[in-house]
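Asks: Okay, here's what each chain looks like letter by letter:
Protein chains: 2
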Amino acid sequence: MSATLTTPEAKYSYLKTCLCQIKDLEAAAAVLNWDQTTLMPPGGVAARGRQIATLTQIAHEKLIDPTIGQILEDLRPYEESLPYDSPEAAIVRVARRDYDRSSRIPSEFMARLSEHQAATYEIWTKAKPANDFGAVRPYLEKMLDLSREMASFFPYEHVADPLIDSEDYGMSVATVRSLFAQLREKLVPIVEAITSCPPIDDSCLYQYFSKKRQVVFGRMVAERIGYNFQRGRQDESPHPFSTSFSVDDVRITTRIDENNLTEALFSTIHEAGHAMYEQGIAPELEGTPLAAGTSGGVHESQSRLWENIVGRSRGFWECFYPQLQGMFLRELGPVSIEKFYRAINKVAKSPIRTDADEVTYNLHVAIRFSLELAMLEGKLEVRDLPEAWNERYKSDLGILPANDSQGAMQDVHWFCGTVGGMFQSYTLGNLMGAQFYEKAIKINPEIPVAIERGNFNMLYHWLKENIYQHGRKYTAEEIIKEVTGAPLSVNPFIDYIRNKYAAIYQIEL
Amino acid sequence: MSATLTTPEAKYSYLKTCLCQIKDLEAAAAVLNWDQTTLMPPGGVAARGRQIATLTQIAHEKLIDPTIGQILEDLRPYEESLPYDSPEAAIVRVARRDYDRSSRIPSEFMARLSEHQAATYEIWTKAKPANDFGAVRPYLEKMLDLSREMASFFPYEHVADPLIDSEDYGMSVATVRSLFAQLREKLVPIVEAITSCPPIDDSCLYQYFSKKRQVVFGRMVAERIGYNFQRGRQDESPHPFSTSFSVDDVRITTRIDENNLTEALFSTIHEAGHAMYEQGIAPELEGTPLAAGTSGGVHESQSRLWENIVGRSRGFWECFYPQLQGMFLRELGPVSIEKFYRAINKVAKSPIRTDADEVTYNLHVAIRFSLELAMLEGKLEVRDLPEAWNERYKSDLGILPANDSQGAMQDVHWFCGTVGGMFQSYTLGNLMGAQFYEKAIKINPEIPVAIERGNFNMLYHWLKENIYQHGRKYTAEEIIKEVTGAPLSVNPFIDYIRNKYAAIYQIEL
Chain A
554 MSATLTTPEA
564 KYSYLKTCLC
574 QIKDLEAAAA
584 VLNWDQTTLM
594 PPGGVAARGR
604 QIATLTQIAH
614 EKLIDPTIGQ
624 ILEDLRPYEE
634 SLPYDSPEAA
644 IVRVARRDYD
654 RSSRIPSEFM
664 ARLSEHQAAT
674 YEIWTKAKPA
684 NDFGAVRPYL
694 EKMLDLSREM
704 ASFFPYEHVA
714 DPLIDSEDYG
724 MSVATVRSLF
734 AQLREKLVPI
744 VEAITSCPPI
754 DDSCLYQYFS
764 KKRQVVFGRM
774 VAERIGYNFQ
784 RGRQDESPHP
794 FSTSFSVDDV
804 RITTRIDENN
814 LTEALFSTIH
824 EAGHAMYEQG
834 IAPELEGTPL
844 AAGTSGGVHE
854 SQSRLWENIV
864 GRSRGFWECF
874 YPQLQGMFLR
884 ELGPVSIEKF
894 YRAINKVAKS
904 PIRTDADEVT
914 YNLHVAIRFS
924 LELAMLEGKL
934 EVRDLPEAWN
944 ERYKSDLGIL
954 PANDSQGAMQ
964 DVHWFCGTVG
974 GMFQSYTLGN
984 LMGAQFYEKA
994 IKINPEIPVA
1004 IERGNFNMLY
1014 HWLKENIYQH
1024 GRKYTAEEII
1034 KEVTGAPLSV
1044 NPFIDYIRNK
1054 YAAIYQIEL
Chain B
554 MSATLTTPEA
564 KYSYLKTCLC
574 QIKDLEAAAA
584 VLNWDQTTLM
594 PPGGVAARGR
604 QIATLTQIAH
614 EKLIDPTIGQ
624 ILEDLRPYEE
634 SLPYDSPEAA
644 IVRVARRDYD
654 RSSRIPSEFM
664 ARLSEHQAAT
674 YEIWTKAKPA
684 NDFGAVRPYL
694 EKMLDLSREM
704 ASFFPYEHVA
714 DPLIDSEDYG
724 MSVATVRSLF
734 AQLREKLVPI
744 VEAITSCPPI
754 DDSCLYQYFS
764 KKRQVVFGRM
774 VAERIGYNFQ
784 RGRQDESPHP
794 FSTSFSVDDV
804 RITTRIDENN
814 LTEALFSTIH
824 EAGHAMYEQG
834 IAPELEGTPL
844 AAGTSGGVHE
854 SQSRLWENIV
864 GRSRGFWECF
874 YPQLQGMFLR
884 ELGPVSIEKF
894 YRAINKVAKS
904 PIRTDADEVT
914 YNLHVAIRFS
924 LELAMLEGKL
934 EVRDLPEAWN
944 ERYKSDLGIL
954 PANDSQGAMQ
964 DVHWFCGTVG
974 GMFQSYTLGN
984 LMGAQFYEKA
994 IKINPEIPVA
1004 IERGNFNMLY
1014 HWLKENIYQH
1024 GRKYTAEEII
1034 KEVTGAPLSV
1044 NPFIDYIRNK
1054 YAAIYQIEL
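Sequence lines, in order, name chains A and B.
If you count the first sequence from 1, you need to add 553 to reach the numbering used here.
If you count the second sequence from 1, you need to add 553 to reach the numbering used here.
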């Protein structure tokens, strides 16, 4: 650089080229990770961990190159001369945030973390079905150390703050704790009221549903709501996820249980929701740091809005239930839509987060959030985690997980990411999703009727216009304020839950 | 580096780390390419081309880093102090060869080439089925320019020499032309003698064979001969290929035609042959520049040895034909093994190289070799290629391709690699394969009987010991000399053809 980069435009252009290289390296790592999780032969594990670590390390080295730092400094006047929402200003702004964050983390640490994540994930995929917590324990202990080491590169009030800020920019332990407290206060009586009612019979969901037909139906639903298979594909993996290789190649995975209709169905809608967000990013942002969801919370708001607010609504099944019945005539022929609708919305104190209903879901997240804080704070040892997990499930949800596979090893997050910083996004997403949807139907009151008639475009279009297209141009906070006119609040979610479940359970909430 | 790297050991260790990073980047590019060719949604094309180009460029920049050049110079005494066949000496030797070659090619050229290759491949996959040579023409013209530009970075006698040397180190237009001339002289009378005989009826191969069963059978055969599915997998792609992401993850692809039993079957054995070579590399070479096949020719010697010398032998089908008959009872029940054996070895003047029998195969290659030389020399324009192709097929094989899809667009090579430097490997491979096999059965005369009895391990083991395990430790020339005790010659191949086909056609050859 240097000599030739005299104008701000030349510097900006050079910066953009470097950032695109970094994006390409990250995309390559994502492809290698997707491959590892869906299709890779077992022999590939060792080299794959090393390869992903190399790509991550090189991307990181390129980002923290002091030349980038200098250019970002030099471009301050250029950035300020441009409108806040111009792509150029946003690219510089977001690149600076990424640079400031990443330049604190040594490259060799990133390589170590990435390698350990790959190894731990691989162990977890074997240890979980074998219910062997002992096998993952040393890996999780090292993961906890690495998570603390990650935090140590930043100033913080709480050790988890830098981890949370990384996923949900602007959030902290204090904010999230307060939201959980408000939620808890309102949710606990609702859960108690509902679970005092006679339980819903949801046995219709637990018959034999052939894998092949489940895949066909899930694919059809994903496509109808707006997921584009020309710019994505669906495969199987032990834990469903979505991943983006470019705005035009955003993939989803699912997990199919032939004795449980809800597993593949709702995970497909959930992941399609994530993927529609990424596919909906404006094409001109491709290859820039803006081409991604803006935060974990906003991402989850989209997956859970589509999965729950839409996918578990009465109107949605007015549209799709006849087709589902047609595909599983023997199993669902005798089941009325009302019975089916109630079954997929059954509220129960259950052990598995991903199977949990919308009402209890955030209580599951709260358990994980407080356990990971306790581990990070050094108040809970990894060896005591299984017991602590079980105790919390007993006290908060009144149930005891059958084993560690359904307990402390249930979720992939601690075994592939960091301990801390990830789970809060689910609850933030639930709150944001309800707040966005409340606004969407205020602006377009005909959305629910459109959904009933199989027109998902009205909602999709509103979300794309207001959220998807911007990618990371605005922060979560900015989007929520701009789109809903109010800061993040637990109220729209609680209102949504009260209205929906009062009707389903025929009680006052 | 510098200050800390004072000892040769420290320099070697630093070099090895850099080379492993480069290998990882190349492996990542290979994964992205495999994904693009087998599974990627159509939308992914544009970004994928860019991503592969970025990885290739960074790998190239890292290899040609002057620090690497300096270390390689510094390590000369260290290398000379070690035995020639120690991994350390071999790594330095091969790294120096790669460095010398790559440092001549500018990084920006590599990026341009790689991007154009991806774009051209994508066009070709559409233009070939549409028989639209016009669509690929401008791409092929640019590919020809890029191929010449590639050669221009090297000193050469013939413009194709650097391209050939890149795939088949030590070979040149002069050597290859001479081998083709010797082959042609001996093959033409053999082809004439055989095609004067009454043609073999091979209609038994062109019935309906269900895709599913073909896949099951091909997979079983690949596994039995030694391809390890725990360290590989098989998918479908428009043009079958094998690709290595590490010595423990080597994948193959196939193409299935439900009306042609030979397509998937022999392409599977062929690609398994390539993959067994890469899977058989000594584990301690993983992540080093030695962890690859030593040349295009030696690679083809393994694919074609397994496909033809083994896979089209009478003994091989003594072992497998009962199983194949069992899977396709209606289609093959009435077909005797002798009839089947003759059918899969039918010699005919036909338009498609990959479907060609062993006897005429090298004549197909000779056509491509001379056409690409003519294009590179400027004696043949791309726009005249389809006509030139057809004329050569008419004069050399007495047939006229039905269209350009079966003519000039038949093979992927010019549309994904370079024009020049690739086809000669097939014929070199045929010659080497026959020479290796002749030696293998001289050392272990029981190999043919073992194969008949379904024991492929004796041959596999011999090949692994003598060829596979070494990777790039020895050059093709060194391996041929060391293993067979003689330089490369057309004689073992000609002897093999004469003996086999004299028996099949009951004539003197």
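One should not assume that every hint holds.
As the list claims (entries may be wrong) - Listed below are the simulated SDA-like cross-link pairs for lysine to any residue, each with C-alpha atoms no more than 25 Å apart in a straight line: (1) A/Lys615 with B/Glu811; (2) A/Lys932 with A/Lys615; (3) B/Lys569 with A/Val598; (4) A/Lys695 with B/Pro619; (5) B/Lys679 with B/Met773; (6) A/Lys615 with B/Ala896; (7) B/Lys615 with A/Phe707; (8) B/Lys765 with B/Tyr722; (9) B/Lys569 with B/Pro659; (10) A/Lys765 with A/Lys695; (11) B/Lys564 with A/Glu661; (12) A/Lys615 with B/Pro619; (13) A/Lys679 with A/Ala583; (14) A/Lys902 with A/Ala734; (15) A/Lys615 with B/Ile809; (16) A/Lys932 with A/Val598.
Don't read these hints as lab results, they were simulated from the structure.
Asks: Evaluate each hint against the coordinates.
Replies: Okay, the hints, checked on the actual structure:
The straight-line distance between the Cα atoms of A/Lys615 and B/Glu811 is roughly 49 Å, outside the 25 Å bound, and the hint therefore fails. With a CA separation close to 37 Å, the supplied pair A/Lys932 and A/Lys615 exceeds the 25 Å bound. The suggested pairing of B/Lys569 with A/Val598 holds, with an alpha-carbon distance near 21 Å, which does not exceed 25 Å. At most 25 Å may separate the alpha-carbon atoms for a hinted pair to count; A/Lys695 and B/Pro619 exceed this at roughly 38 Å.
A C-alpha spacing of about 32 Å is found between B/Lys679 and B/Met773, which places the hinted pair above 25 Å, so the restraint is violated. Restraint check: the Cα-Cα separation between A/Lys615 and B/Ala896 comes to about 58 Å, which exceeds 25 Å; the hinted pair is violated. Note on B/Lys615 and A/Phe707: the hinted pairing is violated, with a Cα-Cα distance of about 31 Å set against a maximum of 25 Å. Taking the CA atoms of B/Lys765 and B/Tyr722, the gap is near 40 Å; set against the 25 Å cutoff, the hint is violated.
Using a Cα cut-off of 25 Å, the hinted pair B/Lys569 and B/Pro659 holds, with the two alpha carbons roughly 23 Å apart. Taking the CA atoms of A/Lys765 and A/Lys695, the gap is near 40 Å; set against the 25 Å cutoff, the hint is violated. Distance hint between B/Lys564 and A/Glu661 is fulfilled; the C-alpha atoms sit about 19 Å from each other, no more than 25 Å. Under the criterion of a C-alpha separation no larger than 25 Å, the hint pairing A/Lys615 with B/Pro619 is consistent with the structure, at around 19 Å.
For the proposed pair A/Lys679 and A/Ala583, the alpha carbon gap of about 22 Å is at most 25 Å, so the pair holds. Restraint check for A/Lys902 and A/Ala734: the C-alpha separation of about 19 Å stays at or below 25 Å, so the hint holds. A C-alpha spacing of about 43 Å is found between A/Lys615 and B/Ile809, which places the hinted pair above 25 Å, so the restraint is violated. Between the alpha carbons of A/Lys932 and A/Val598 the distance comes to roughly 34 Å, so the proposed pair goes past 25 Å and is violated.
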